[in-house]
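Kindly generate the complete structure, drawing on both the sequences and the hints.
Chains as they are written, first to last, in the numbering used here: chain A, 69 to 413; chain B, 69 to 413; chain C, 69 to 413; chain D, 69 to 413.
Please note: incorrect hints may appear among the correct ones.
Distance condition first, Cα-Cα at most 30 Å in a straight line; then the derived BS3-like pairs of lysine-lysine [to be verified]:
1) K322(B) - K403(C)
2) K338(D) - K233(B)
3) K107(C) - K322(B)
4) K271(C) - K322(B)
5) K326(D) - K322(C)
6) K233(B) - K233(A)
7) K322(C) - K122(B)
None of these hints come from the bench; they were simulated from the model.
There are 4 protein chains.
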Amino acid sequence: MKAVLVVKDFNPQTGEPGEVDCLEVPTPEPVKDDDVLIKVAYASICGSDPNVLKGLFPDRAPCPIGHEMAGTIADLGPRAKELGWWVGDRITGNFFQSCGACEYCHDNMGQFCPEAVGKVGTQAEYIVWSASQLYRLPDSVDLLTGTLSEPFNIALHAIETADMKLGARVAISGGGGIGLMLVQLARLAGASEVTIFEPVQSKRELALALGADHAVDPAGGDAIAETAEITGGRGFNAVLEASGNPKAAETAIKIADKQGHIVYFAMYPKEYELPVNLYQHCYHNELRIQGMFLGQYSFARSVAMLPRVNLKPLIEKIYPLEECKQAYADQMSGKYVKLVFDCLA
Amino acid sequence: MKAVLVVKDFNPQTGEPGEVDCLEVPTPEPVKDDDVLIKVAYASICGSDPNVLKGLFPDRAPCPIGHEMAGTIADLGPRAKELGWWVGDRITGNFFQSCGACEYCHDNMGQFCPEAVGKVGTQAEYIVWSASQLYRLPDSVDLLTGTLSEPFNIALHAIETADMKLGARVAISGGGGIGLMLVQLARLAGASEVTIFEPVQSKRELALALGADHAVDPAGGDAIAETAEITGGRGFNAVLEASGNPKAAETAIKIADKQGHIVYFAMYPKEYELPVNLYQHCYHNELRIQGMFLGQYSFARSVAMLPRVNLKPLIEKIYPLEECKQAYADQMSGKYVKLVFDCLA
Amino acid sequence: MKAVLVVKDFNPQTGEPGEVDCLEVPTPEPVKDDDVLIKVAYASICGSDPNVLKGLFPDRAPCPIGHEMAGTIADLGPRAKELGWWVGDRITGNFFQSCGACEYCHDNMGQFCPEAVGKVGTQAEYIVWSASQLYRLPDSVDLLTGTLSEPFNIALHAIETADMKLGARVAISGGGGIGLMLVQLARLAGASEVTIFEPVQSKRELALALGADHAVDPAGGDAIAETAEITGGRGFNAVLEASGNPKAAETAIKIADKQGHIVYFAMYPKEYELPVNLYQHCYHNELRIQGMFLGQYSFARSVAMLPRVNLKPLIEKIYPLEECKQAYADQMSGKYVKLVFDCLA
Amino acid sequence: MKAVLVVKDFNPQTGEPGEVDCLEVPTPEPVKDDDVLIKVAYASICGSDPNVLKGLFPDRAPCPIGHEMAGTIADLGPRAKELGWWVGDRITGNFFQSCGACEYCHDNMGQFCPEAVGKVGTQAEYIVWSASQLYRLPDSVDLLTGTLSEPFNIALHAIETADMKLGARVAISGGGGIGLMLVQLARLAGASEVTIFEPVQSKRELALALGADHAVDPAGGDAIAETAEITGGRGFNAVLEASGNPKAAETAIKIADKQGHIVYFAMYPKEYELPVNLYQHCYHNELRIQGMFLGQYSFARSVAMLPRVNLKPLIEKIYPLEECKQAYADQMSGKYVKLVFDCLA
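In structure tokens, the structure reads:
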């Protein structure tokens, strides 16, 4: 079968980035009783995928890549059948498989499971996952939308983490793929008003088209003054920072209302430290600042919410696996919201 | 000014119902510093208003009636001005004014405040309330929709009480005014699927038009079998019982999923007792059964949510104050979702 | 090895109860990689154990019995070693092993896992459990106390379910093993006052000795009047019903304060239905009535809390395995709080 | 009557601190219907009281001072009597009186009420407060302990804000008055282990005597290594930072377990900014960092908890009002946990 592989690692001496290629590799087979062979239909690129090419995870090549996908079941072990799966089932799934038996898993913190396996390699024609990783797509959700279920689940769990009340005034910082999901989810989670903070005009416009009530350009304008106007001088009850940009991270604290909840869940630069004025922000304003890594217990509910949102406008280009070099170059240009491989092409 | 008054009490000997009439009475005046004279534009009839005519509150006549309204400020005391109000402001408000100083109010349970005053009498040309009872209507919300803010707040707080997760499967029991608000609010509070249970076909159809995904006729069909089909055999994560009907109350428990939350907040018959099988429902299914009286801390957020919903289809007839006898007769027929007085007519 | 077995089933024709006996059986061996052979030190009898002899689970004999225990590791598979266990480790554990992979487990509801295995048979010299079921006993907790970890976890999760605020007035209904744990846990979970409702004087006295502030005899006195006196007319913020007695279940609702939380988690008669006046209790008083089955995510925290409580006074008799007939007869007499097998005797 | 007054302001030119003196002033009288004249028995000094002498609130002199007290009712208005108060009642109270009617008060955020009045001046023989500010002392709580109810309420609400699970591992940073209350409250709020971080040995010893399980000297030792040892390598589930020390604030983040909750509620230097590594602490560790200002809704529950704790060891010196200069000098020396005026002396 064809698969995208990282074929060359980042070179720390020269600074030369790593490389991907589409190669012919053996089709994997279900080995364990509960294994399922998935014929991948679409596999989207995550913003974190290029980190392998940038040296964040050294000395990996050659290795498979990609953890987002939707497809159909092509083959499966006997236990997977007992659990109700069958050939042809339309599915998506969670690549991050926690063990269910360690002290973290026993405490509902499976995202920190030291035994967890991250089954990457969805940017390929086939992949084998365990039945317990799969979620059936609702009939009304097509496979192209379905590949976005994994980042959508991150967005949904970020909204859960924000723990906002019905009628909250919500700010979304960053209009990329996650941000545009958040705009839609904030409305569906009870926001009375949703404001997008995003420097790129086309992304602001897309956010407004997808349900944002207000759009602020944090680069051009005065984010704090615009916040005051939008919120009647109060600030936002919840701020979700999805840009990963340090400047945006600092603005997030300043635009929050008293008792506001601020959620940080992007991949910030590893050494970056957000300055938090404890007297002003914590003592006087009673802010709550939270982070989030993965949403290990919300996947089923995320898939159930897919029919409520419109994710198609986030997909800007679709590539066959063979065009993976171009796809990764586009991804690393930062110009696109969401890029997808058509693995059947 | 003109005002609807209860002019005759229920007669417990003969069973004859009480009566309303539209009379000319003195226009009230702001007395306290923070009083506000409101020129009522619309005042809707609450399902509980006719209870005065049915003997629930004996020996009241003559008395004013009505606690839902939207209007404009006609006059106001100096403290009300200091608090930012002005003549002409478009407002709605909360008739139930808790004291803010007793042990219940200090514990965020103002709905149980023994010093609370219920300022009824909105079905009139003018009424005087305190500035602290008022909420400014958003620009996009007209006065006719605004009069529904009080029942809408009850519906919103019922949704809060249900405390459901994003992606929950939700059932609304009863397609009256509150039920049709709940259908819309459930979607806005993160339900992945909303099912209405309602015996009247036209109300089921309206619920579907307003966003319900499924409609069940609890009279005609088998509510439990239909639930199994709709929810894939799981049941609902949240059930909001808004009909006040004992049979519906009993069904509510049976259609809930394990760990389901069931909220009862209608006015059930005073002596009615719901049978709860503790072994099955509490021990084995871990259900949570809750009641709700008033939403004393959600009014501002409810008003902020008004632009998100469509309440106009709930209003079936509008009457001048002079036609109050007809309006109350219609209300007591049980055929209408929501009836409203046009107090400027 | 010696093991207590159910050797005869309940006879539905004659009504004759089933029987236990202590027999010689083969010592089990670790089969799976993560299996652990436990040398049981103490195994306590659960109030539900005699249900096998009363016909609740028909046609089981011969079968092992008991699910509470503390002991030491005697042998273990290679994976269990990798996970940090070793021969001689002092442990207790959770007999109820959910799969960690099904839709319930993915939703933090492992207590409803359809694949769960209840590994009974602790009333024996040895038992084999999976490493993931084990919890290390704190140094200060001896093995005799350790065998009570499983019911203690039920009690702790019931307190969690009650979801009470710091300073709450708490009532515990029933002064059996669970009730006496609840008295201690309620104090440790922030109750300002704990009141025990229990008809047996010696149990009331023990509850007072273990930290209850007030004791009420629900049989002799007027529970509602005494509640009013104890709580200054307010009622209890949380009521935990642990007796399984229908009359106590009904009292629980009547002694709750407005917005009170009532938790039912005993094994009530299968057909019993609690009457709940929706108008009074739910609409007007905003009560929250909840049930609870098992505490699948609190075991580690329960074991960590064992040094904070005094469970020794709950243990009234200790038997060698050979005296199992007497032990079960005593258990079924209802006269004892907690009975324990010394499996090393 | 005698009263402590700030008689001289801080001099920003010379840096000379302000001064207090004990003067004879007119005894206040109840003016409003719900006013209560309190004969103050004890008035403790808050760590923030000397801030007036240090220039934090410029140009105030002459002004009354002190907001902690317990005493008895000496006189009261007619409305206060109706509300159940009477001469001789033993009381304490909340100096911070929110209006109960503004948008913050309507949203349960009365601590931010712009109309709130802070009724300072408890370091005197008499003070007038509103009946709604008062809380009756439990019979078992003497007036000397009662004066600590206000800081105790801050501590209790900080524990509420930490929102910890039963069995949590808790760290208290700072062994001053609030810290030593927190040690006791953490145990009463379900901590399985409480660790005090405090550089002064005598305070560490007092914390251990009052219930801490472990004590760490953050100056002498390696706080992170000691945390690893105490918590089995996991870190603390909740960290309450009560020292106001920037170094301690930074340690707080580093000793938290994944998903740990960190609460900051001391008065940190106004310009100080805590550096938070978003990648490490928020993204990877899912920490929750929160602040807290006042506990406006927990006072009644705090008073109910007073019999559960031992606050006497916190009081190191008691002065008559005439020795106020010495008392404030001692307070500003930083050597004492809690200093109190005996206003009857």
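Comparing the hints with the structure gives:
no.	hint	result
1	K322(B) - K403(C)	violated (37 Å)
2	K338(D) - K233(B)	violated (39 Å)
3	K107(C) - K322(B)	violated (45 Å)
4	K271(C) - K322(B)	violated (37 Å)
5	K326(D) - K322(C)	violated (42 Å)
6	K233(B) - K233(A)	holds (12 Å)
7	K322(C) - K122(B)	holds (28 Å)
Hint violations for this structure: numbers 1, 2, 3, 4 and 5, all remaining hints satisfied.
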